[in-house]
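**Student:** Please model the complete structure; the sequences and the hints are all you need to start from.
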Amino acid sequence: MRDMDMSTAQPETSFGSRVRSAVFWRSGTQILSQLVSWGVTVFVMRLLDPKDYGLFAMTQVVTVMLFFLNGYGFANALIGGDSVTLLRIRQTFGLLILLNGSLAIIQFFAAPLAGAYFHQDLVTVMLRWQALLYLPTPFIALPSAILARGLDFKKQAITNLASMLAGALTSFYCVYTDWGVWTLVAAPIVATIVRALGLTIAARLLVWPSFNFKGAGDIVRYGSAMVFGQFFWIIQSQADVTIAGRLVMPRSLGLYAEALFLTQIFAGKFLPPLNEVAFPSYAEMAKTGRAVGPAFITAARIVMMLTLPLYFGLAVTAEPLVATVFGPKWMDMAPLITILALAMPFWTLQLMFAPATNALGYSSLYVWVNAWGAALLTIGYLVGIQFGIYGLALRWLISTPLLLLITAWLSMPKMKASPVALIRGLTPNILAATSMAAAVHYAARFLVGYPNHIQLLLLFLVGVGSYFGLLYFFARRELNELYELITKRKLPL
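Numbering (our numbering), first residue to last: 22 to 514.
Bear in mind the hints are in silico, worked out from the structure with no lab data behind them.
Every residue, glycine too, gets a C-beta built ideally from N, C-alpha and C.
Hints are supplied without guarantee of correctness; some may be wrong.
[Said to hold, decoys possible] Calculated pairs, EDC-like style, for lysine to aspartate or glutamate (alpha carbon to alpha carbon, straight line, at most 16 Å):
no.	residue 1	residue 2
1	Lys72	Asp353
2	Lys350	Glu340
3	Lys350	Asp70
4	Lys72	Asp142
[As the list claims (entries may be wrong)] Simulated restraints on C-beta separations:
no.	residue 1	residue 2	range
5	Arg225	Leu190	22 to 30 Å
6	Gly409	Leu468	27 to 35 Å
7	His474	Tyr197	45 to 53 Å
8	Met270	Arg225	49 to 57 Å
**Tutor:** Take a look at the structure:
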């Protein structure tokens, strides 16, 4: 493979059609993947114990804290560059191999410290096996960046779907053969290996790494800024389990961790793929002189139109949902879901700012926002844990609106976006979702005594009917945009 400008390999199609293709391949297969993943998760949760998820959450504190150093920021530097040569690809590959090999070694030998901190010997053994997750990472990050540069998300989507299915089959096998908590360790390892193989083949990108980093300063600078930002992100996202893991029983920690997982399904599973598409899209808009601010507001309006009813509906149907889907041993999770679901709209909107500001070259802003988040959320955890896991949940409801205000205040001037336009665009969705939640809450009073699954079905129908009915009468333009997006793949950008 000779030294060449990889950017010339992009297809000669319009920007709009490439964005549409990227969104629908990335989000469409993500929806399919998550439907299967949810089914597997529910099945596994009903068979495993909350204690198993508490132990797994303890290991995640270490793996997530180290994983932010895995070098994805160095790979992402290739997306926004003017040109990508074979030498730059090989240098990035070399950086990724050095970083992830080092992280695997560090986690393996540091595992006993984590086990001692949490007073759980099993955590040590789990972490040593989970060190395998770092080794395929260079073969995921590099081809993902090259494919994303050309907005080619079709191959990524197919590969991600295949890896999810491999993880699901592994979960079924492990839970049927009584692996217990090791089910939660084995499935991600298998899925990661399959994803690495698939993306490397899809991108046709098997090159020798270069450990001569001369001329790679821009990659290192951009990647380092992302590392600092991710460092603060890790603090704010893992401080709760780090603090609570020593103070509460594994079962209580498992209830909190799974309630958080359930309420973060959209922000954690659907939004990242959309942000993956948004980042190169915003970057190309900035290169061609198109305004990013209005596009961001449009994206925020569409995303919140879909997520607000989801979050508010989850908050008011937590009890019949948990009873129907997860079973009686998880019922203590219901109040946590109600609290956390009300905080997630603020969290989701806050996460949408980073791709726009990073694409505009304000990577330092990403660092500052996450630094503020680390401070606000960690202080909230320290105060909240005094009231147990319910105090941790309430911390989300208090801290996330403050973090959203700080993020918007720092970011919107850089994007030349109008706060008034953003508020005006979100108001119909907020009013419709709030009215829907009130209708569902009121309807639930008449369903007391019915079986939980009947309650859940009827409340779902009330929620869907009231929400889209309100949008039809009071926000028909926004509803038509959503219809065009779903049926005709027409993006209002």
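**Student:** Would you check the hint for Lys350 and Glu340, treating anything up to 16 Å between C-alpha atoms as holding?
**Tutor:** holds, 12 Å
**Student:** Given the hint that Lys350 pairs with Asp70, test it: the Cα-Cα distance must not exceed 16 Å.
**Tutor:** Answer holds: Lys350 to Asp70 is near 8 Å, not above 16 Å.
**Student:** Honestly, do Arg225 and Leu190 meet the 22 to 30 Å range at C-beta?
**Tutor:** Cβ of Arg225 to Cβ of Leu190: about 27 Å, so the range 22 to 30 Å holds.
**Student:** Between Met270 and Arg225, does the C-beta distance stay in 49 to 57 Å?
**Tutor:** holds, 50 Å
**Student:** Starting from Lys72, check that the Cα of Asp142 is at most 16 Å away, please.
**Tutor:** Holds: Lys72 and Asp142 sit about 14 Å apart, inside 16 Å.
**Student:** Against the range 27 to 35 Å, how does the distance between the Cβ atoms of Gly409 and Leu468 compare: consistent or not?
**Tutor:** holds, 30 Å
**Student:** Given the proposed pairing of Lys72 with Asp353, does the C-alpha separation stay at or below 16 Å?
**Tutor:** With a Cα-Cα distance of about 13 Å, the restraint between Lys72 and Asp353 holds, given a limit of 16 Å.
**Student:** If I claimed the Cβ atoms of His474 and Tyr197 lie 45 to 53 Å apart, would that claim hold in this structure?
**Tutor:** Cβ of His474 to Cβ of Tyr197: about 25 Å, so the range 45 to 53 Å is violated.
The structure is inconsistent with hint 7 alone, although it conforms to all the rest.
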